[in-house]
Structure formats: structure tokens, C-alpha cells
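Asker: If you want the building blocks of each chain, they are given just below.
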Amino acid sequence: DAGVTQSPTHLIKTRGQQVTLRCSPKSGHDTVSWYQQALGQGPQFIFQYYEEEERQRGNFPDRFSGHQFPNYSSELNVNALLLGDSALYLCASSLLGTPSSYNSPLHFGNGTRLTVT
Amino acid sequence: AQRVTQPEKLLSVFKGAPVELKCNYSYSGSPELFWYVQYSRQRLQLLLRHISRESIKGFTADLNKGETSFHLKKPFAQEEDSAMYYCALNAGGTSYGKLTFGQGTILTVHP
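If you're matching them up, the sequences are chains A and B in order. When we follow our numbering, the leftmost residue of the first sequence carries the number 1, and every step to the right adds one. When we follow our numbering, the leftmost residue of the second sequence carries the number 1, and every step to the right adds one.
Chain B extracted, bound-state conformation:
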């Protein structure tokens, strides 16, 4: 069975500071990893996925299979980054659409 762990429930940084939201997973196969974000009073939406290897809103995430991690990073946090962030895993193949989510990290960026 797969599992996603986000060790920090709350994370506070100041504007302009680097930010890293941690995500660790356990899965024996080749997973697909995602970061979803939920801004205040908005629906859950996809931020980025590891297979695209893109930067969205200045955020990047690298899949480290050796450490089974998929940490989300941004070099200079902005106030508008304040939101709830969820790391999620898809076992892939026929289980596409069945995401396993972590508990989420609330990021607060102070001015």
C-alpha cells in the first residue's frame, strides 16, 4: 500500500525567504507524484507534477527515488503563496485517478 507523509502541518516564512515543503512517500513501484494547492476559499487545484519537470509560480519539486521524497521548493516566497499544500501519489497504470494524499501543510508567508 502507498503512503504519503507531510511532516509539517504548519510552516511560516517571511516574504522573500526560501521555502521548502517536505513530502515523503512509500511505494514499491514507480509512482507519479503531484503537488496540489488550495488557496483560501478556492477549490483544490494541481500545482505541479513530477513528470513535467516544470516550474509553476516559481515552485519546483524534484522526485528523489533514493530518499523517496518529493519536496516542494521556492527560492523567494510571496504573500500570495499562503495556502494549504497537499502532496499526492498516483500508483499509476490502471490505478490512475486514485490519488493518495498527505495530510497537508499550511504555508503562511508573512509580509
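The following block holds chain A by itself, in its conformation from the complex:
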């Protein structure tokens, strides 16, 4: 089991450009959450996808959007990149619909390091 996989591992973009990051969840998981981790900070929740819909969202602008596919994989899109978007983007998968989160903790990927110049 490869666990959560993210691609690419590193990415360099120019301010104003658009970027797409990809995530494949752990086998058996159906929910994908995205987090942004700035240098020296803890991860910050962006949004979560379940059944191909955005289920909940953190305090991020509409420039951040996502998608979930029928195979549960997910994409994070960021438009009109700003220098402040430079961060490590983490994807985490889990299994929703269990009686409680006890049986399905979040499993994180290694992240995509985005640098905006």
C-alpha cells in the first residue's frame, strides 16, 4: 500500500500563474483534505472533498479550488498565484462514514513544495 501520494513533489511558478496539484488517497479511503503549511507554521485546512463535492472549507479565498474524481483522487487548483502562496501543500485522506473519527485518522502525503517567484 503506497499510502497517500502527491505530485509533483516540487513546483516553481511565477506570480499570476495558475497551478494544479494532485493527490491519490490511501487505498480504501474516500475523503481527501488539503492543507497549506507555510514555513515554520502548522498545517492550515483549505478544504475537504467527499463524494466529489466540497464538504467543508477553511478560511481561504476563492482562488483556491478543488476537485475530486470518481476514483477518489483529488486536485487542488490555485489561480492568480501570489508570493504568499509559497508553501508546502499537504493532502490527507480518510474514510468518512465510520461511527467516529477514531477508526479513521487522517493519513498525510509527503506534500508538494510550491514556490512562487
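Treat the hints with care, since some could be wrong.
Across the chosen pairs, the derived CB separations fall in these ranges [claimed, not checked]: (1) A:Gln41 with B:Thr108: 13 to 21 Å; (2) B:Glu79 with A:Glu52: 24 to 32 Å; (3) A:Gly16 with B:Thr5: 31 to 39 Å; (4) A:Arg113 with B:Arg3: 24 to 32 Å; (5) B:Pro111 with A:Arg57: 30 to 38 Å; (6) A:Thr117 with B:Lys65: 43 to 51 Å; (7) B:Lys73 with A:Leu82: 35 to 43 Å; (8) A:Ile12 with B:Pro111: 33 to 41 Å; (9) B:Arg3 with A:Leu83: 22 to 30 Å; (10) B:Pro75 with A:Ala80: 45 to 53 Å; (11) B:Arg53 with A:Ala2: 26 to 34 Å; (12) A:His67 with B:Lys73: 36 to 44 Å.
Worth flagging that the hints you see were computed from the coordinates, not collected in a lab. The C-beta atom is built at its ideal place from N, Cα and C for all residues, glycine as well.
Starting from the known structure of chain A, fit chain B onto it as the hints suggest.
Answerer: Using the frame of chain A, we list chain B on its own:
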């Protein structure tokens, strides 16, 4: 809104010494608290959660609702415990999966 505070960015102890990583939270409801750990060159992974009340790798954490704390403790630190530790809160219910993380504490255990 919920908030998690880890007051120590860096914590250094010697092997065999007790260690306590502090975590305080603010949330008006009944939160679920977690400790996540990230070892060097590895991904973020769950260490333990308060509802399981278990000891993982010798670590324990007790939820103190009166003090709104969830400190992580280990009586005898080992060198392999050196890592970044994050305390995280889940407001629970429909917000499951939406974790609020603290800023993290880098633990260094010296030989």
C-alpha cells in the same frame, strides 16, 4: 473559532529524562485532540488521540478540559523521539477531518 497553542517552538532534553510537550486549546464545544509527529524526512503521522487513551511509543496525553490542555508526556525520552510534534484539534461532528494545528514543537533528545 478554535485555536491550538504550542508555546515551545524548541525543546531539548537528554536521553532518559522526562519530556513534556505543552498544548493548550480554545474551543467552546467538546473537541477531539490529537498529537501528530513528523520524523526527519518522513510524512506527518498520527501519534495518539485523546479518545483512545492509549500509550504509543511510551507517550501519553491526557485531556484536561478545565485547563483546556492536552500535554504530551514521556517519562524517559529516547534519541529516536527527536522529531517535530504537532498538537491538533478536531471540532468533531460534521467538521470531522478539519483539523486545527498548533505551530509545532521541535523535540531534540541528546545522547
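Asker: Does 33 to 41 Å hold as the CB distance between isoleucine 12 of chain A and proline 111 of chain B, or does it fail?
Answerer: Given range 33 to 41 Å: holds, Cβ gap about 39 Å.
Asker: Okay, arginine 113 of chain A versus arginine 3 of chain B on CB: inside 24 to 32 Å?
Answerer: Given about 27 Å between the Cβ atoms, the range holds.
Asker: Given the range 35 to 43 Å, decide if the beta-carbon distance of lysine 73 of chain B to leucine 82 of chain A lies inside it.
Answerer: holds, 41 Å
Asker: Mind checking the hinted window 13 to 21 Å against the Cβ distance between glutamine 41 of chain A and threonine 108 of chain B?
Answerer: holds, 20 Å
Asker: Between glutamate 79 of chain B and glutamate 52 of chain A, does the C-beta distance stay in 24 to 32 Å?
Answerer: Because 45 Å falls outside the window, the suggested range is violated.
Asker: How does the Cβ-Cβ distance of arginine 53 of chain B and alanine 2 of chain A compare with 26 to 34 Å: does it lie in that range?
Answerer: holds, 31 Å
Asker: Could you tell me whether the CB distance from threonine 117 of chain A to lysine 65 of chain B stays inside 43 to 51 Å?
Answerer: holds, 46 Å
Asker: With respect to the beta-carbon atoms only, verify the hint that proline 111 of chain B and arginine 57 of chain A lie 30 to 38 Å apart.
Answerer: violated, 46 Å
Asker: Is it true that histidine 67 of chain A and lysine 73 of chain B lie within 36 to 44 Å of each other by Cβ?
Answerer: With Cβ atoms ~42 Å apart, the hint holds.
Asker: Is it true that the C-beta distance of glycine 16 of chain A to threonine 5 of chain B lies inside 31 to 39 Å, as the hint says?
Answerer: holds, 36 Å
Asker: For proline 75 of chain B and alanine 80 of chain A, compare the CB-CB distance with the range 45 to 53 Å and indicate the outcome.
Answerer: holds, 51 Å
Asker: Return holds or violated for the Cβ distance of arginine 3 of chain B and leucine 83 of chain A against the range 22 to 30 Å.
Answerer: holds, 26 Å
Violated hints for the displayed structure, listed by number in ascending order: 2 and 5.
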